[in-house]
Every structure is written in C-alpha cells, then in structure tokens.
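Chemist: One letter stands for each residue in the lines below.
Protein chains: 4
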Amino acid sequence: MRIGGVLPPLATPFEGGEVSHERLRQNLAAYNRQPLEGYVVLGSNGEFPFLSFDEKVACCRTVVAGAAGRPVLAGTGCESTRETIELTLAVARVGVCGALVLHPSYYKGSMDERALGRFYRDVADASPLPVYLYNVPQYSGINLRPSLVADLARHPGIAGIKDSSGNITELAEIIHLTRDIEDFSVLAGSGGFLLAALALGAAGGIMAVANVAPRHCCDIVDAFKEGRWEDARLLQGELIPLNRSVTARWGVPGLKAAMDLAGYYGGPPRAPLQPLDPSHREELRSILGRFCLVPGEDTR
Amino acid sequence: MRIGGVLPPLATPFEGGEVSHERLRQNLAAYNRQPLEGYVVLGSNGEFPFLSFDEKVACCRTVVAGAAGRPVLAGTGCESTRETIELTLAVARVGVCGALVLHPSYYKGSMDERALGRFYRDVADASPLPVYLYNVPQYSGINLRPSLVADLARHPGIAGIKDSSGNITELAEIIHLTRDIEDFSVLAGSGGFLLAALALGAAGGIMAVANVAPRHCCDIVDAFKEGRWEDARLLQGELIPLNRSVTARWGVPGLKAAMDLAGYYGGPPRAPLQPLDPSHREELRSILGRFCLVPGEDTR
Amino acid sequence: MRIGGVLPPLATPFEGGEVSHERLRQNLAAYNRQPLEGYVVLGSNGEFPFLSFDEKVACCRTVVAGAAGRPVLAGTGCESTRETIELTLAVARVGVCGALVLHPSYYKGSMDERALGRFYRDVADASPLPVYLYNVPQYSGINLRPSLVADLARHPGIAGIKDSSGNITELAEIIHLTRDIEDFSVLAGSGGFLLAALALGAAGGIMAVANVAPRHCCDIVDAFKEGRWEDARLLQGELIPLNRSVTARWGVPGLKAAMDLAGYYGGPPRAPLQPLDPSHREELRSILGRFCLVPGEDTR
Amino acid sequence: MRIGGVLPPLATPFEGGEVSHERLRQNLAAYNRQPLEGYVVLGSNGEFPFLSFDEKVACCRTVVAGAAGRPVLAGTGCESTRETIELTLAVARVGVCGALVLHPSYYKGSMDERALGRFYRDVADASPLPVYLYNVPQYSGINLRPSLVADLARHPGIAGIKDSSGNITELAEIIHLTRDIEDFSVLAGSGGFLLAALALGAAGGIMAVANVAPRHCCDIVDAFKEGRWEDARLLQGELIPLNRSVTARWGVPGLKAAMDLAGYYGGPPRAPLQPLDPSHREELRSILGRFCLVPGEDTR
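Residue numbers (this note's numbering), protein chains in the order written: chain A, 67 to 366; chain B, 67 to 366; chain C, 67 to 366; chain D, 67 to 366.
Since the hints were made in silico from the structure, they are not lab data.
Accuracy of the hints is not assured; some may be wrong.
Claimed, not checked - Once the Cα atoms are required to be at most 20 Å apart in a straight line, the calculated EDC-like pairs of lysine to aspartate or glutamate come out as:
#, chain 1, residue 1, chain 2, residue 2
1, B, Lys291, D, Glu304
2, D, Lys291, B, Glu292
3, A, Lys291, A, Glu304
4, C, Lys291, A, Glu292
Bear in mind that the values here come from a model prediction, so they are computed numbers and not experimental data.
Please build the complete structure, drawing on both the sequences and the hints.
Modeler: Structure below.
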C-alpha cells in the first residue's frame, strides 16, 4: 500500500465533555462525498493527548466503520515505547491500516538520534501495521533529520513519514534519499506547503485544513497532477491564511470553530483548551468567507 | 503547612521493566537518614510520563509508607484537566500531602495566560490537596510569568511553586509579589541556583541532584541559614558540575547512573530512554569522585 | 528591470589580510563563462561586516567592472538608517544597479513591524537604486512577515526580496500577495529550496552555493523552465549536501574551502573567522567529488 | 585595578540626529553626585552600533573628561578582529581605562569556542587596556560558557566579565572557577539580578537601569554589604519592573524615555530606533512614579 493524496487528520468531536461518536460519523459521511484518499484519527488535531486509551480505541473503531472503505491511519505515539506498542496493537485489532507514530519528546535532551532510531525500530518490530514516522518539531521540540529518516525508511515495517516541519530543504532531501525505496510515502504535514511538497515529489498530505476545506485541498492536488500550475499556485496561495488560522495561529480551537462555520461539527475542545473567543471567531468567519461553505463543496 | 528545605524528586526504580517498590523503599530508607524536608514522587526525574495511572498511584503509596512521616508531594499534571483532577484525587486517597502540578503543554500555542490560569484554578478548585505550580520551560516550552503566578497565589488552594526555569530575575519577582501571602512557598527547581534562590528569599528547593548528594544540598541550606557565606558559595560552586550532569547534560539516564555510583539504586530508565553509555559513565564517576560516596554521608 | 535566474553572492577574496581585487577579477572571469544572471556583492557570504566603508565601495567598483555587463546588486544594510543610506549612495555612484538591504537587527526587541517598515521606506525614499528586501532570520533573529513584505512591495523604490528564511509557506504567501505588482522579484536565498521556490513562482535565487557550482544551479533553473521535473528534482536533491556544507554547516569558511577545491579562489576568511580545519576540508572534498570541478563546467 | 560597585552603561544623547556632547556632560555632572563606581561608554545602551568610529572616540573623550576621575570603560567590540583592535587602541589614547569587548556574532554558526577564544586572545594581546569579556546571548545569540571564561580569565590582559545572560547558575560557576584569580571582576549585566549576583560573589554590576535610578542601584549594593537582607530584597524586588521596562520590554527607547522622566537627558534614539510611543511613555511614568525623580536622589 502506498498512501497519497489528501487525508484529513480528523478532529475529535466532544459533546458534554465526552467523545461524540455520532458527530464523528456525521462528519465522516460528509467527508466521504469528497475525493479524499483516507483519514487519520488520533493526530494532534484530534486532541489525542486528552483521550484515554479506551477512548482512543473507540474512536478508531468508529472511523474505520464510517470510512467507506478508505484507509485509516491512527496516531499511536505515546511517551513510553511499551505504551506505544500496546496502543498500536489495540488499534490494529479494530481495523486501522497504519500507525502514525509521533516519537516521545518529554525528555528532549535524551532523545538523540540513537534513542529516536531505537524507539522507531522497536515499535516497527512489534507492530502488525505499517509505521509512519511523524516529524513535528513545532510541537515536539525535536527534528527528525533526513539522514535518520532515510535510515529508518529501510526498515520493512516503516512505510512513510508525515513531515510537518515546514523545512522544505529537508523534505526535498528526504524524498531524494528515499527515492529508490519502494512504497515509502512522504506526506506534507500542513496545507501551507502542499504544492511545494508535491512539486518536489511528495505523495500527498495530511493537513488540518482538510477538515475545513477538503475539496480545496484536493483541487490543489488535481491541478498539480494535470500540470495546471497557475491554478495550483492560486489555490495554494488562497489556502494559506485559512491554513494558518487553523494551525499556528489558533490551533485546535481555531480548527473546530472553522469546522462549525464550514458546516461540519467542530464543537468545543476538551479542557484545558478553550473555545475560540468571539472576536477571533468573527475574524475567522471573514477568512472563511472566501471559501464556499457547503460541506462537500467548499470551493469553486 | 509551609514547605521548605530540600526535597529530592525521587527517581522511579525499574527492574526488568517494572517498577521496583523494593528498590524504592531501600532508597527511601537511606534518604531518611539525611536531614531532608520531604519527598516528591512522580516528578520529571521520576519518569512520570512513562508510568500508567495505576503505577503512579502505587508509587505514591510506597513513598508515603516509606517516608518516615515526612511530607510527600506528588506530580499529578496530565495533558487534560479531567485526568489531572482524577489523578490528584487518587493520590490524595493514598496519603500524599500536596500536588505538584505541571500544566499541559502539548498545545503550546493555545496555552496562553487565560488557559493556564483557568487550568490551575479548575484543578485547585477540585483538589483536596494544596496545589503547587510547576514552571519548567525547558521541558514544557511555556513560561509561567510572575504576574500570573502572583495572581494564582491568591487562590486558597494554591500553596507554592517549584520554579525550574533558572530565570533568577523572575524568581525574585515572584518572591517579591507574593511576599505578603501567608503560606506560599517558592522553591528552587534545580541545584544550580539553590543558593541564589535562598538569598532572594526562597524557602528551599526540589532538585534532581538531591537524589545523589542529599547531604551536600542540605549543607548549602545550613550554611546559608547560619550566614556562613563563604562556605555556602563554595558548596554551591562544587555542586554545579554534578548538578549539570544529572539534569541538562545527561538527564534521567545521568541521574540514575549517578545514583548507582553514589550507592543508591538507580538502575535503567524505561524505554525510549537508554542507560548512560559507558564513556559518559566514566566521566560521571570522575565528577562524583569529588563527593563522598557513602549514602547518607555524601559530603564532608 | 526584473531580476531572475541565478546570482551568486560573491565571496570576498583576501590575501595577506587585505581584499584581493585581482582574485576577485579572476573569479568573475570564470563566472562570466556561466549562464548566471548577475552578481551580488557585499552579501553575508561576502563577509560584509568585516569590510570598511571604503573597502565596500572598492569591491563594488571591481565587480561592476568585471561583470561583463551583467547586473550587480550590492548589500548596503548597516545598523543605522543614516549609514545605510550613505553606503547606498556611494555604491550607486560606482555603477551598482540595485541595493540588497538587510535591515538592522542588533536591537531585535525594538525592531517591530513599525520600525522595520519605517527603516525600509526611509532607505527607499533616499536611494537612487531599486531596493531589495533581505530576510534572513537565521542571522538576524528577525522575520519579515509576508504582510509587511506585501506592504513594502507597493513602494515604487522597492523592487524585490531575497528570502533566505526557508519558510516555504511564507515564500508562497509573499508571491501570492505580490502577484499583481509589476516588477517585484522574489528570489530564493538558498540553494536548498531553489526548485521549491521556482515551482511556487519565484524568479530565481541568490545563493552561496552558486559560488562553487554555478552551472549546477543554472541547470536546475533550466530543467524547471523546460518542465523536466525528474531532472530538476534529481539536480536539486544532489545539491543539498553541498549547499548545507557551505551555509548552515560550515558557513563562510566552508564556502571558501569549497571554492578552492572547485578551482576558484576562496582563500582564508578574515578574523575572527578561521579557515576550515583539515578534517572538515577532507569531508568537503568528498562531498564535492560528486560534482565536476572544472570551473565553469561544474556539472554534467 | 579591580572594578566593582555600580557602573551605568551611559546612554548616548542625540540632538538633531547628532551626538550632543553638552547633554552627555550634563548627565555626567548629575551622575557624579551619586556613589557610582565609574562609567561605561559605547555599550549596547549607548547605541554603539549606530556610531561611526570617530563619534565613538569623541564620546570616550567627553566621558573621560566629565567622569571626575572615576574609571571609564568603553565598548570596543566590532565584527572583525582588526577593527576591534583599532578601536581599542584609539580609545586608550583618550584616557579610557578598560575595554568592554563584545565578541563578533554576525556569523553565529562559525563562532565556536575555538574562534571565540582566539578572538579574545588576539584582542587582549594587542590591547594596552585590560579587556573585559561581555556575554549577552539575548543580543548576540552566542553564550560564553563558564569553562571558556575561566580559560580566558587566565590571560593577563583579561580582567573581568560583564555577564548579561541572566543564567545565574553559570554566573555562579564563573565566580567559582575564577575564585583564585587575582583581579578578575565578575559584573552583573542587568539590574534584575544584581542582588543574586552579589550574593554569589560578584563584584558589582553594569546595568542600564543605573542611568535612571543610580541611587537605588547603589542602595542595593550598600544593603547587601551591610547584611541588611530584608532591605536588599525589597529594593531588588522594587527595581525589577523598572529594570524590565528599560531593557527587555522597551529597550533603548524605553531607557531614554525613562531618563527624560527621571530628570536626565534621554532624548530620541537614532533611527531606525523610534522614540517610545506616548501610551508606553504613560505606562512608564506610572512605573517610575514609585521612585523619587530628582536626579541624584532617586530613592528614599
């Protein structure tokens, strides 16, 4: 299996403080009308650090059931190797087809290349699922260097990487160093540099903004594939302010507010995250105004 | 209760990958022969991110039983408010007398002062234990500003702060702004600036190096209290290289190796952390050589 | 005039501690045999902070004379507005055709958007030359945000930007926001992301590595223009290790050593910079081994 | 000569864009009525990066003449070793008695310990004046590690360090490692941690806030020397908000505005720095309101 195209890292809907599987199914039903490649559950945008082990597995079950046969990846990285493996085994049992594994990062100073490599190999050795590396120095404070990624890519259980660093030189280097490895997928981790990543040879992207404007994201991929560069650049340029709003600027609260405004169910984040405050919500509404808000038809 | 003096944030001993309560009791028995004020369990040095909920509660039970009546604080900060409260309630039931609460930090960008303040107030409202703030930007990527700390210090359920930032100006400002609040304890979070913190009015310190050289740390406090400044400066200066070895330089693996060398049980950390490699262990031995290695009599 | 293609930011040759104009002319003679668009003098790679005012003007004179009619830009940013203007006027008098202006950065905390905007407008108002903005947060600790760049781009005296930040999302946004401004050139500031920048609509690049492998850099532009994407990606991928060696990894000493190895005159940097040490020079030789070393024919 | 006590790093007064030597003399006359140890000219707070070589020498001449016999140090660090030496020789000729040398920092990546050590040794070898190291990572992006400082302290031409880092652990380590070196002065570089530095054994401080509240700063030193700890802590705590206003928060524009409000001549900074805007000036006035504003009698 080689993953490509656009995969939204699904937000986890809460109602009354609890996971709402009903809302999750409704969102999926809307997303299924879009040409998305598949789904990611339990990513950073899914508020995975706030979910218990059992909640995590339950979310996976719901998404697999609602994905209309599309591939589902699940975030299974925990701080300890043992808990990461345990969770990976559990989500495999409910039908997830890949594990997107964020490395531990609490003890940044001790997570040198040796420790990171050991962690990923231990998990991949034990995992029944293909493992995808996840590089997000903005959250983790640690960067997976291209040489380490290229090393790990040779492990038969490691199938790709989601790179959210935004370091396009290193993304190019990862693609270059893994160009001869069959079935290794490099995926952009943000809608801000989707087109740049595709231009350099990335297979697709996993990006928060695809929860809000899935069609627009898919249109970028289509324009790229068809060589319509002017269209692709314009679509990419238009997406950047919205992308920033739901990531660096307002994070998960921004993402959920944007989903509400776009006709999906966003709802409140779990505490300590707080709902986006009203003035920012208005600003977000004006940014979203440039996009069509009918779910499933978010752009021209 | 006002906490002062020296409290080691206890390392969690593992054998065969599991928590060794026997080793923990042995270490405590040795520490009880030192003039330590009390103990902290489930701190960063206790590898709390690698422990399950049940393991955390079990560690607290063991430490409370083995503390010879000295006060025990437990680290109960989790990424979600709900899990933090749940854990605080659980450790309270086994006899812990204070909760040292690290705020959530995964979503750094969303943890502004409003969210941080709300988090701490929600936890303090729900906690049967006095809550101690914990500022450690090196790990968390977030700094608790003095003005926020002074605000929170007015909450009747908030009893102090462990500040590991090393920003001595802000530590002085925290002490200044809370000088009229009865029973608010400011504690240095590292052995590197214990004397500076005491000079500015801090009540004591919670520091990793007190697992290795508890007597030496207590001697600094004694020299300070008795106005023996030259002694205090010399003791502080001597401690710095060891302190750095077990914190910034080699982290938990360094701390555990140093404990082994000093006659306590350190043992291996849990994966993904790796034991200190042999060459660093030798370097550590030479740094430790300047200290007396008999547990309970680590310095002149 | 719209600048595009590849421009090397020329190294400044020293012999016996003094600028060697003879070596500079020799290097230019070799570069003139390559399809380079023009030259940049007094850039970061030209050790401009080590040159006196008079040395700076003299270098410009030599480069203009030796450029075979190609356009020459000069770095004229100084810490004060007045000195920046004075230098810009001086280099204009010797035939330079554009000023690449790095903003002041010593007082980072005070250089907010208002101060940055004011600085660039004051310089552009006074300058007889078109002004190019220069964004290099790695050196300056300050990032020029796309919204500020787009604002400044509307000034008739501001003609483009060299963006060395490597933030490809912001580069895309700058291009998007300035797409309707005639004659505003966006130039990549590093060989690491030349292809990505071109794909998003950049006009070309100013990059250190073009001092060492000018033909290779021009080949990337050609392959891109002709739609030979596989070639372009391969060329880009191959360039990255060399590019890193002469920038982030070993800086100016690495650049000069690589120039020596590639058949140009690099020579020693000025103190406090030290020549690359022998072991790194050998490592550099092996990286360069993959490129053809005849000056003017550096690649297939 | 061993430097101690409080030395203000003098602001450079401008009128009509030019250095006003008259205003400088007036400020000095007021400062001379305070128990200050001496003066620093051409420091960061003196806007040295905006002054030409000749302006720098002229400022030194004026300060030496107006210092009433007190020692005057001058900032002579430039980006190149040769210009640093040239300036040091020039200021020595006009009666300055020490050179406070900030190391080059533009090429951060190349300024490793070897290059930093070589730079300071080359300058000290050539300097007729005792050289003081200057550590200010907030501006320079480079930290002078205690082990390097201790090495350099053994050079007979190196007489001390101004440490503005605020890393109190490293300050303690520097003092510890140089405790046996006769005539090596460790000076705090900010009013925020003056008391902490004194407690650890520092000889005094060079701090911006002493331009605004010189008496208050001297009072801290006096209270410390006389063992009046409660007074010292209170004075230190009170100083912190003002200190922050004239450094991290509003920088040189804040410092100059505060000097105006305190009865000295601050005046406008040189462009690109902009005068403090009116709303911040009002905020500053209220912070200053807690201090007595008669120059020379700024506190109880």
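Chemist: Next step is simple, just say for each hint if it's right about the structure.
Modeler: We went through each hint and held it up to the structure:
no., hint, in the structure
1, B:Lys291 <-> D:Glu304, "24 Å, violated"
2, D:Lys291 <-> B:Glu292, "17 Å, holds"
3, A:Lys291 <-> A:Glu304, "19 Å, holds"
4, C:Lys291 <-> A:Glu292, "17 Å, holds"
Of the hints listed earlier, the one the structure fails to meet is number 1.
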